[in-house]
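In the order they appear, the protein sequences are chains A and B.
Okay, so the first sequence: first residue is 1 according to the working numbering, each after it adds one.
Okay, so the second sequence: first residue is 1001 according to the working numbering, each after it adds one.
Hints were generated in silico from the structure; no laboratory data involved.
C-beta atoms are modelled at their ideal positions from N, C-alpha and C, and glycine is treated no differently.
It is possible that part of the hints are untrue.
Covered stretches of chain B (in silico footprint by chain A; criterion: 3 or more residues with CB under 8 Å from a CB of chain A, positions within the stretch not fixed) [as the list claims (entries may be wrong)]:
(1) 1005-1013
(2) 1049-1057
One side of the interface only, derived from the structure: several residues of chain A facing chain B at Cβ under 7 Å [said to hold, decoys possible]:
(3) G21
(4) S24
(5) S84
(6) S88
(7) L125
(8) Y137
(9) E230
(10) S233
(11) H234
(12) E270
(13) V289
Which stretches of chain A does chain B cover? Using the computed rule of at least three CB atoms under 8 Å from a CB of chain B, they are [what the hints assert, rightly or not]:
(14) 176-189
(15) 235-248
(16) 257-268
(17) 299-309
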Amino acid sequence: MVIEILSSGALNSVQDRGRRGLLSSGVSRSGAMDLVALEAANALLGNDRDAAAIEVAAFPFRLRFEAATPVAVTGAVAEARLASRRLSPWWAMEAQAGDELTIAPPTTGARVYIAVGGGVDLPPLLGARATDLKSGYGGHEGRGLRRGDRLPLGRRPAGRLPEGGIGALPPPGRSDFALPLRVLLAAEWMEFSEEARDLFATTGWRITAEADRQGCRLEGPELVRARRRELLSHGIVPGTVQVPPSGRPIVQLAEANTCGGYPKIATVIEADLWRLGQAMPDDELRFAVVGRDEAQAALRETAAWLARLRSATALYRVS
Amino acid sequence: MADDFTLSDAGAGALLLDVAVGGAFDETRQARLLGLAASLGGIDGVEDVVPGMNNLMVAFDPLTVDASVMERRLAEGWRSAVARAETGRSHDIAVVYGGPDIEDFAAGLGVSIDEVVERHAGAVYRVAAIGAMPGFPYLSGLDRALAAPRRAVPRQGVPKGAVIVGGGQAGIMPITAPSGWHILGHTDFTLFDPHRATPATLAAGDVVRFTIAGVRW
Chain A
1 MVIEILSSGA LNSVQDRGRR GLLSSGVSRS GAMDLVALEA ANALLGNDRD
51 AAAIEVAAFP FRLRFEAATP VAVTGAVAEA RLASRRLSPW WAMEAQAGDE
101 LTIAPPTTGA RVYIAVGGGV DLPPLLGARA TDLKSGYGGH EGRGLRRGDR
151 LPLGRRPAGR LPEGGIGALP PPGRSDFALP LRVLLAAEWM EFSEEARDLF
201 ATTGWRITAE ADRQGCRLEG PELVRARRRE LLSHGIVPGT VQVPPSGRPI
251 VQLAEANTCG GYPKIATVIE ADLWRLGQAM PDDELRFAVV GRDEAQAALR
301 ETAAWLARLR SATALYRVS
Chain B
1001 MADDFTLSDA GAGALLLDVA VGGAFDETRQ ARLLGLAASL GGIDGVEDVV
1051 PGMNNLMVAF DPLTVDASVM ERRLAEGWRS AVARAETGRS HDIAVVYGGP
1101 DIEDFAAGLG VSIDEVVERH AGAVYRVAAI GAMPGFPYLS GLDRALAAPR
1151 RAVPRQGVPK GAVIVGGGQA GIMPITAPSG WHILGHTDFT LFDPHRATPA
1201 TLAAGDVVRF TIAGVRW
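Okay, chain A solo, but in the shape it has when bound (with noise of 0.2 Å):
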């Protein structure tokens, strides 16, 4: 059982929920950048949750089902076809042997999740089969897919989806992408001058070239900080944002250094994190301000969504 890959950019890589446990041992989380498309995908297809999806950032993407098996396409709109049919967007559908696969480019988005079923079977390491491109180890040999690549398929689970596949309707919040992304204040929030703190929540930042799996930096006015000190190295998570000296934030991401000095405005609560792995350069984002009981609820909302895809997909597959 195995998909061969006919056409990639190296961007595009095995992903699954990431690591967790070794940010001690300077070991980033990785992972997909848009875990809420991700996890769709695995249920739509009845899939273990840790399955290993393929993350699709360069296009066109095509490969090649050398064996029949059920597929889901999640994430940025992008057209997508399956030997001669069409697939919705967020749809999961059986492939059969010789089938081949193609994304095109995007027309809302970033990445595509393509999930198979049993999902992508790569021996874990370090507890994932998430691939970290910046370190080199994990997912296809600890590199991005190319042309040639052939990746082994798990045991796809029961039941068969129907004629014609299932779909899911957009997760919370993606019907529109321009919302702004939710933040929690972070520790040097007060340092900051008053015009900066209020010039971070008022901004439509413009997001630039250098955005990628580690982090994504923001064009926009300078934020000020008022307090000027050295900070000593300290653990960071994905979605914090940072403050250089430049003044220009950079939010870190999936594949970020563990620990980090720069000055911390706020974090992008987790249930918002996807926003930034849809986000392409040259897109604008506005930051609000949030509580934790909000971070809270919009993660509650998020996994509610999920399990309700997950009991109706499974009433869906006929064994």
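Use these hints to put chain B onto chain A, whose structure you have.
The following block gives chain B in isolation, referenced to the frame of chain A:
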């Protein structure tokens, strides 16, 4: 004061306890912090306990762990924290001194290259924390005479194995990556192997000594 600290959110799923006083790294507080870190392992829902330099980040599942409960636990934990009893392992790391920066580095401090080498290899270092890159050790204990500002422009590719210093800290590059620290030499010591269950060779609390395997530049 024993309870000088700040606690802040790092998203809904992490808290940062900062016990640094006045911006200078304190060895005693770090030992207490490592004691606290050791006591936090195995709590339900806690995913990562990450010692930094005089700070500690704890990451957890925000849907099963109440952040305000964790906040109290960290505050009380810090007040009552005692230095971790067991000492870490000791490592002797052989260094061939030299490389692209050592001459300018010595000149900038107004000392000879030999003195840089002797002072760097003469100190006993403690691993304060592991982080940033896979297996990268933040080493405290650098001879004060070798404390110099970081490079104005970071190097894009500081090679794996580079023995580096920056500010008052020392380290070793586990992978080739950008860094603003100064390169003083090279070692073949393996800092990280993803195929091991414990991938980082060094751990916070370990003791490191550098030995002179050669000097060439």
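>> Hint compliance check: list the failing hint numbers for this structure, sorted ascending.
In response: As far as the earlier hints go, 5, 6 and 13 are violated by this structure, in ascending order.
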